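Order-wise, the sequence lines are chains A and B. Position 81 of the first sequence, counting from 1, maps to 81 under this note's numbering, and the rest follow consecutively. Going from the second sequence to this note's numbering is simple: count from 1 and add 1000.
It is worth saying that the hints were derived from the structure and are not from the lab. Heads up, a few of these hints could be off.
Claimed, not checked - In silico lysine-lysine, DSBU-like type, Cα no more than 35 Å apart, as pairs:
(1) B:K1314 to A:K161
(2) A:K162 to B:K1457
(3) A:K204 to B:K1314
(4) A:K204 to B:K1385
(5) A:K161 to B:K1495
(6) B:K1110 to B:K1340
This structure is a prediction, so every number in the text was calculated from the model and none was measured.
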Amino acid sequence: MMTMDSLLLFTILLPLLAAVGILVFSRYPNMREGITIVTAIVLLFEVINVYDYFQGGQVPAVGPFQVLPGLEIAFNVEPLGMLFALIASILWIINSIYSIGYMRGNNEPRQTQFYICFAVSIFGVMGIAFSANLFTLFLFYEVLTLATYPLVTHKGNDDAKKGGRLYLLILLGTSMLLLLPAIIWTGFLAGTMDFTAGGILDGKASSGVLLVLMLLFMFGIGKAALMPFHFWLPAAMVAPTPVSALLHAVAVVKAGVFTVVKVIVYVFGIDLLKETGAGDWLLYAAGFTVIAASLVAIRQDNIKKRLAYSTVSQLSYVVLAAAILAPISMIGAAMHIAAHAVSKITLFFAAGSIYTAAHKTEVSQLNGIGWKMPITMAAFAVGALSMIGLPPTAGFLGKWFMLSGAVSTGQWFAVGVIVVSTMLNAGYFLPILYRAFLMKPDVEGDHGEAPLGILIAISATAIGTILLFLFPGVAFDLASKMVGL
Amino acid sequence: MSADASHATAAFSVMEHLPILLVAVPMIGAAVVAMTRNSNLAWFISLVISLAMPILAGLLLHEVYKAGVISYALGGWEPPYGIEYRVDVANAFVLLIVSVMATFALLYAKRVVEEDIADHNRPWFYTMYLLCLCGLLGIAVTGDAFNAFVFLEVSSLSTYAMIAMGRDRRALVAAYQYLVMGTIGATLYVLGVGILFAMTGTLNFADMAERLKDVEETRPVFAALAFITVGLSLKIALFPLHKWLPNAYAYAPSMATVFLASTATKVAIYLLVRFIYSIYAPIVDFGSSSSVSVIVGLSLLAMFTASFVACTQKNVERMLAFSSVAQIGYITLGVSFGSKLGLTGGLVHLLNHAVMKGALFMCTGAIMLRLGSVKLDDMAGIGRKMPITMALFVLAGLSLIGVPGTVGFVSKWYLALASFEAGHGWLAFAIMASSLLAVVYIGRVVEVAYFREPTMKVMMSKEPPVMMLVPMVLLVVACFYFGIDAEYTAETAEKAADVFLTGMGGAAQ
């Protein structure tokens, strides 16, 4: 029986071991995919074990391993990270089933490389989720960026090269130019980089410095896609759909907003930000991104691009919720991380399903497709309702808590943003449903539903979107723990 | 029993004579190799000697870790009248870097030397290599300004010869360029030393530091500093005195490039730091001196200009050479802070850069061997035919960029921290911005190597022999190992920084 600490270490390292296994069995596709699936299942099992310990009031921790004096790699379990790890490991299983169907169905090249990079990305996610200090977080943040680059450029054509260039330059650029100096500066001022309840910067810096640090952190976390550093996300859509689904709707972008919330709660501390007002601007930056990205999304005809801009907008919901600085809105932020994850992955699965079965990529080609691909489009509808924030879907919960937080603290700007953007969300999702179910197809196609693997995955996440609404217990519990309620 | 006793005495005397052995062994080795006519034998002798050097340097570092400073009187002539070899953690650290990198270069060398150099010239090449090694180690080990000049010339002359043995006639021009620049540099240096000798009557570093206090406000002393700084800057290839370096690195034989890129400029930096910190620091307040802002300015110019130029290069070896100029900027920037953190950052980057640039040049050397070219356009799709080599290139490139978990990050960390400590937070941003340029120039190679269809020539190339891959892999592993566990490297650099900051006052043993 493993101790809880070694269990945590094993949980983090497991995907990396899987990457090695995938490489070894690269010549036997069935073994290779078997390793991915088995690892994903074992990983979920391990994460749930860690969760059990955590619920039992224990805090598994690994390290610190000293890189140099003052620079340590350390892991521990913290509520938000626990939630992130749970989401990522559950969705990795579903996504792996989907990947195998998709990659084989479309005869994609270089599949070994694909699965290796995918496993390394999950390794990065686990490292981020359980990181106990800023350096460890940054280390795995960069691992995730670099491991996803070969996935974004998987197609290997000119578009992929261009998309990859933008992806790498914006993500590495913001993290190296803004985030890293902010981290070093914070470490220099505070004398520590550990995530600590209540923050580490209180009394360590003037409010001017805090403002600069806040700017550096928030724009430096490029993965949160705060405008104007959001261009990498639409660019990343050149990747195969499973990559867009798990990584660019869940893992990478959630790592971004996760980092944002972590920095606000555990580095600055909610109280310090309230006192100094160093984070007041963030509300407006996030609000602007929410609205602007929705407006852009309406104009996109490409399904994946529209979803990408929708993601940009939804990510800023989380940032907005965190910037409201009320405990209840923090819960909203955490809930929305979970809700958006299951809903957006469903939408991407649907987009991939349409591409695989019907080879269609544009919204304008979807007339009447709902009757040919009923399962896919029903799932799409569930995801879309969740994005708009309607019950009985998970998206409702996050918005509900955010609104409560905004109203209770009298943040009318935030309230306005949420209301307006909800209408905009409806404005770009409902027309798709209208086309799919109520308009006549232009040409009679002879395609049916997508392969079984894809349908299983898509149904699972759609059902998950509804289940999370009905049983939000685990997510709510962890979210409340984070703000100490 | 008597055998035991004599053995003990012998071991004892090896320990006692470590400083001189570091110079004498490669020098004698060079003479032996010069007499061989068999290139395999020449390589083997050089290898044995090269392998001995890190052991000697390691023992020496171990000794000074315990003892502080070791003073060795050459030929029994007591300092300051005789030549003193004076070893502390700072130069023991440099000695270890040079000897280890030299060994890696030689392990890697055999096959590329066979490719680059005609059979009858190979023993000469190894002779030059050993002489150069002797010179570089000599500069680092000596405590005497003129003796340092002699070794500077020994290493320079042998370097010119090595570069001139390059693959085509452009190597001759490159060697000639370097010869002219290097000679000017050495001349300026010896002029500076001459002035100092006239003013203080001594050539011994420690003695000079003491006696300078009597003549501290005089102009010749400052003129000497200027001569020495400019002279050594030429050897360092500090921007804008770097013109000789790109061609020298690009057209020299692959082995010489690997060896020089990871050792030669580093030793020159050491010598300059020795002059500035151990000899001049007590009499010059560098903190308030404008000369520091000049160094900072030049370092920044190097970091940006050279990186930009690297982004435009069509030849990957030239690209890496310009990158070296930029990386030297990091080192001089760290040194210019005058603080422990800054100096530690500069010194640890001395090691880190040696390791990663050595690895990168080994990769390009391997590509040169198989493909016959390191032009970017010729390397289309090489990632598929030489997957290991290119993977190593990318990993070492990540280290050059300075992603966390690599040695490059450790250097950047210290330098950025030193910037904040000095109240110049903007320098931290400049450091990051310049490393972003490394993303661009490494990224260009990645795109060509992986996203383009292989040409016919590339289709026919394959991985280099295992003998070459082994040192490549080891260096890349070191890039990551010392990026995650930097305690030993950083601690040694920190101790070396301490030595420089406390001057030459430490008691010799």
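Review point. Hey, A:K204 versus B:K1314, does the alpha-carbon distance stay inside 35 Å?
Key: Status violated; Cα separation ~49 Å.
Review point. Is the straight-line distance between the alpha-carbon of B:K1314 and that of A:K161 35 Å or less?
Key: Distance of about 19 Å is within 35 Å: holds.
Practice item. Starting from A:K161, check that the Cα of B:K1495 is at most 35 Å away, please. Key: violated (46 Å)
Review point. Quick one, are A:K162 and B:K1457 close enough, alpha carbons at most 35 Å?
Key: holds (26 Å)
Exercise for review: Compare the distance between the alpha carbons of B:K1110 and B:K1340 with 35 Å, and conclude whether the hinted pair is satisfied.
Suggested key: Given pair B:K1110, B:K1340 is violated - Cα atoms ~41 Å apart, limit 35 Å.
Review point. Do the alpha carbons of A:K204 and B:K1385 lie within 35 Å of each other, as the hint requires?
Key: violated (54 Å)
When held up to the earlier numbered hints, the structure conflicts with 3, 4, 5, 6 and fits the remainder.
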